[in-house]
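Student: Take a look at the letters that make up each chain.
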Amino acid sequence: QKEVEQDPGPLSVPEGAIVSLNCTYSNSAFQYFMWYRQYSRKGPELLMYTYSSGNKEDGRFTAQVDKSSKYISLFIRDSQPSDSATYLCAIINAGGTSYGKLTFGQGTILTVHP
Amino acid sequence: EAGVVQSPRYKIIEKKQPVAFWCNPISGHNTLYWYRQNLGQGPELLIRYENEEAVDDSQLPKDRFSAERLKGVDSTLKIQPAELGDSAVYLCASSLGTSGSGIQYFGAGTRLSVL
Chain Y
-1 QKEVEQDPGP
9 LSVPEGAIVS
19 LNCTYSNSAF
29 QYFMWYRQYS
39 RKGPELLMYT
49 YSSGNKEDGR
59 FTAQVDKSSK
69 YISLFIRDSQ
79 PSDSATYLCA
89 IINAGGTSYG
99 KLTFGQGTIL
109 TVHP
Chain G
13 EAGVVQSPRY
23 KIIEKKQPVA
33 FWCNPISGHN
43 TLYWYRQNLG
53 QGPELLIRYE
63 NEEAVDDSQL
73 PKDRFSAERL
83 KGVDSTLKIQ
93 PAELGDSAVY
103 LCASSLGTSG
113 SGIQYFGAGT
123 RLSVL
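Heads up: the sequence lines are chains Y and G, in that order. Last residue of the first sequence: 112 (the working numbering), numbering continuous. Last residue of the second sequence: 127 (the working numbering), numbering continuous.
Chain Y with its partners taken away, still in its complex shape:
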């Protein structure tokens, strides 16, 4: 079993829809939670960064962390065709010999249709 599990999709939605992307993790030492967006043939770019349970909002994007369930989510409101990309959850290990190691999920491919 992978330390970070993410549904690879693909996910296809119409413009304006609300998108929900999810990951689960197994390591309790994971403390910092991120969402990266990766366009085709580009490197990942950071969208959201949080270290506590609860919600963090940035424009149309909301990151949600539930440490008790080891579950993280990214919500995209009013989705746009420009949001079409692969979304990667990523978690930093804050304990033990793997301190600082960033572990990625598989990535979810999102397509937003005009």
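Keep in mind that the hints are not guaranteed to be accurate.
Okay, derived cross-link-like pairs now, BS3-like style, lysine-lysine, Cα gap no bigger than 30 Å in a straight line [said to hold, decoys possible]:
1. G:Lys28 to G:Lys90
2. G:Lys83 to Y:Lys0
3. Y:Lys65 to Y:Lys54
4. G:Lys90 to G:Lys23
5. Y:Lys40 to G:Lys90
6. Y:Lys40 to G:Lys27
7. G:Lys90 to G:Lys74
8. Y:Lys40 to G:Lys28
9. Y:Lys65 to Y:Lys0
10. G:Lys74 to Y:Lys0
11. Y:Lys68 to Y:Lys54
12. G:Lys27 to G:Lys90
13. G:Lys28 to G:Lys74
14. Y:Lys40 to G:Lys23
15. Y:Lys0 to G:Lys90
16. Y:Lys40 to Y:Lys68
17. G:Lys23 to G:Lys74
18. Y:Lys68 to Y:Lys0
19. G:Lys83 to Y:Lys40
20. G:Lys74 to G:Lys27
Bear in mind the hints are in silico, worked out from the structure with no lab data behind them.
Please build the complex by placing chain G on the supplied structure of chain Y, with the hints as guidance.
Tutor: Positioned in the frame of chain Y, the structure of chain G alone reads:
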């Protein structure tokens, strides 16, 4: 400010040939990472440098892969000899400080095809 720069962007080689990738991190970033991203997967860490020191190379296949970061700035990742299974995108990232929780900024990657 320039981001993480990688070259070449694409490389096609025959199996058993050597190949090298180069990375220039964001100025002032102490920590540098090399990742491998297979098709349809998330990036997986190969090696992490803090300044000149490789502090985590546990996932680097040392029989054929090597890396160096001279003077704690640019870095080179080498594969010799390359195998078919090495076809992937090799990503370089850098972060400020050495705490391990810093935000990692990625380059565009080098797409390697081994024929």
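Student: Each of the hints needs a verdict: does it hold here or not?
Tutor: Quick rundown of the hints versus the structure:
no.: 1; hint: G:Lys28 to G:Lys90; verdict: holds (13 Å)
no.: 2; hint: G:Lys83 to Y:Lys0; verdict: violated (36 Å)
no.: 3; hint: Y:Lys65 to Y:Lys54; verdict: holds (14 Å)
no.: 4; hint: G:Lys90 to G:Lys23; verdict: holds (13 Å)
no.: 5; hint: Y:Lys40 to G:Lys90; verdict: holds (21 Å)
no.: 6; hint: Y:Lys40 to G:Lys27; verdict: holds (25 Å)
no.: 7; hint: G:Lys90 to G:Lys74; verdict: holds (10 Å)
no.: 8; hint: Y:Lys40 to G:Lys28; verdict: holds (27 Å)
no.: 9; hint: Y:Lys65 to Y:Lys0; verdict: holds (17 Å)
no.: 10; hint: G:Lys74 to Y:Lys0; verdict: holds (23 Å)
no.: 11; hint: Y:Lys68 to Y:Lys54; verdict: holds (16 Å)
no.: 12; hint: G:Lys27 to G:Lys90; verdict: holds (14 Å)
no.: 13; hint: G:Lys28 to G:Lys74; verdict: holds (16 Å)
no.: 14; hint: Y:Lys40 to G:Lys23; verdict: holds (15 Å)
no.: 15; hint: Y:Lys0 to G:Lys90; verdict: holds (27 Å)
no.: 16; hint: Y:Lys40 to Y:Lys68; verdict: holds (29 Å)
no.: 17; hint: G:Lys23 to G:Lys74; verdict: holds (21 Å)
no.: 18; hint: Y:Lys68 to Y:Lys0; verdict: holds (13 Å)
no.: 19; hint: G:Lys83 to Y:Lys40; verdict: holds (28 Å)
no.: 20; hint: G:Lys74 to G:Lys27; verdict: holds (17 Å)
Taken one by one, the earlier hints fail for this structure only at number 2.
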